[in-house]
Amino acid sequence: MGARGAYGAVFWGAVITGLVFGTLARLAMLRTDFRQYPSYPHGYASHLALGIVAAFTGAVAIPALVNQEIAATAFLMLVTQQFREVRDLERKTLERMEETELVKRGAGYIEDIAKVFEARNYLTIFAALVASTVTLLAWKAAERSGLVALGPVAGAAAATLVIVYGKRNLDRQPLASLCHIRAGRVHFKDTILYVDDIPMEEIGLVEARQHFEKHGRGVIIEPKDDNARASLANLGQRQAIAHDAAAALGVRKDRDTPEYTPIVRLHLDTGRAGLALLPIEPDMGPLLEAVRAVPVIEGARTRPLATRAGRKAED
Amino acid sequence: MTGGAPIFVASSPEEREKISTYLSRILNAQAHDLENGIYIIVRH
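One line per chain: the protein sequences are A and B, in this order. Under the numbering used here, read the first sequence as residues 1 to 315, first letter to last. Under the numbering used here, read the second sequence as residues 1001 to 1044, first letter to last.
Chain B extracted, bound-state conformation:
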């Protein structure tokens, strides 16, 4: 899997939520749910 931004693969929705929370806090960014199973972390 390749992309223009780093991709983190989570094994469950709970893990996805946890990784998104940590990343958004660390990066001072906002997590958005695309409702297709993917969250994007964006610094606005």
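Just chain A, with the same shape it has in the complex:
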């Protein structure tokens, strides 16, 4: 084992492998897509920078302990505590931005984003930790045979497993995995807006009704089972659908015309949902794609089928 101050090749090999793979883990989970999150380039840079700090923290932890640097380890504990604040900060930023959005994200979606951000940082720390620890152990084990390159290779392999497993489990489910999504017909009965047979809202002004008849598009979202129905019923989930559809296709609305806000309403007898919006892009294909890709909000996901009462009531 290394004595105090003995920072040899083993130490730096482990730390660098950890840092590289921790950063790769964060990069693998970081992409700005049509949802405009993280915002590019500064939001993206900020997420990446925090990811690198997290990777470094994870990478240095075990080698520092092995080198009996207790002060360093205590410092690292402190840094890890800071990561708890990260969720709060992210939530506050997104809440402030809500005022500027024509179609709001809603509290459920914001909470989900903040939770995912926190989890991804922890995964980065963990991937870096695994990489550096495995590198250290493999290096030490291979020292006698001289094949020290085995260290970083083993560390890389272990970290890759963590990244693949983490990405698969931490990636959000798209709505399409829970529901069938198809086009619906936007029409009026008197002054009430319908998508197929689902009543949406009452639109009083003639001009507004004409606007819907000309530019309105509808989507029907049918849950595949009782679990899906429960998730779809959640207000946060439906607000997320409205927000993402508007983000992808634009919406013909300004702040003084609330009746043009995308709206998602349930059909009370069947649990199906209808989405009515006035997209700037008129094509149905992209709209259906956008709705299919909406993430299932973790907070919305309840599983009535996992309870006995739920299973008995299953239809």
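No wet-lab data here; the hints were simulated from the structure. These figures come from a predicted structure and were not determined experimentally. Using N, Cα and C, we set each Cβ at its ideal position, and we do this for glycine too. Each statement offered as a hint is correct.
With a Cα cut of at most 30 Å, we get these calculated DSSO-like pairs of lysine-lysine:
#, chain 1, residue 1, chain 2, residue 2
1, B, Lys1018, A, Lys214
2, A, Lys104, A, Lys253
3, A, Lys253, B, Lys1018
Over 12 Å on every C-beta distance to chain B, these chain A residues come out as not near it, computed from the model:
#, residue
4, Ala9
5, His42
6, Leu89
7, Glu118
8, Leu137
9, Ala157
10, Pro174
11, His180
12, Glu222
13, Gly236
14, Leu266
15, Pro295
Interface residues of chain A toward chain B, partial, derived using beta-carbon atoms under 10 Å:
#, residue
16, Asp190
17, Thr191
18, Glu201
19, Glu202
20, Ile203
21, Gly204
22, Leu205
23, Val206
24, Glu207
25, Ala208
26, Arg255
27, Asp256
28, Thr257
29, Pro258
30, Glu259
Since chain A is already given, all that's left is putting chain B on it; use the hints.
Leaving out everything else, chain B in the frame of chain A:
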């Protein structure tokens, strides 16, 4: 005529439509038709 909210009296359906449009834009609210000759302007 009294009420819990301001009442605007219009002389024709066209004027009613015009007043409702202006008020809903100004107040950032939505106009609803009660189908008894009355429109209500509601901020949701």
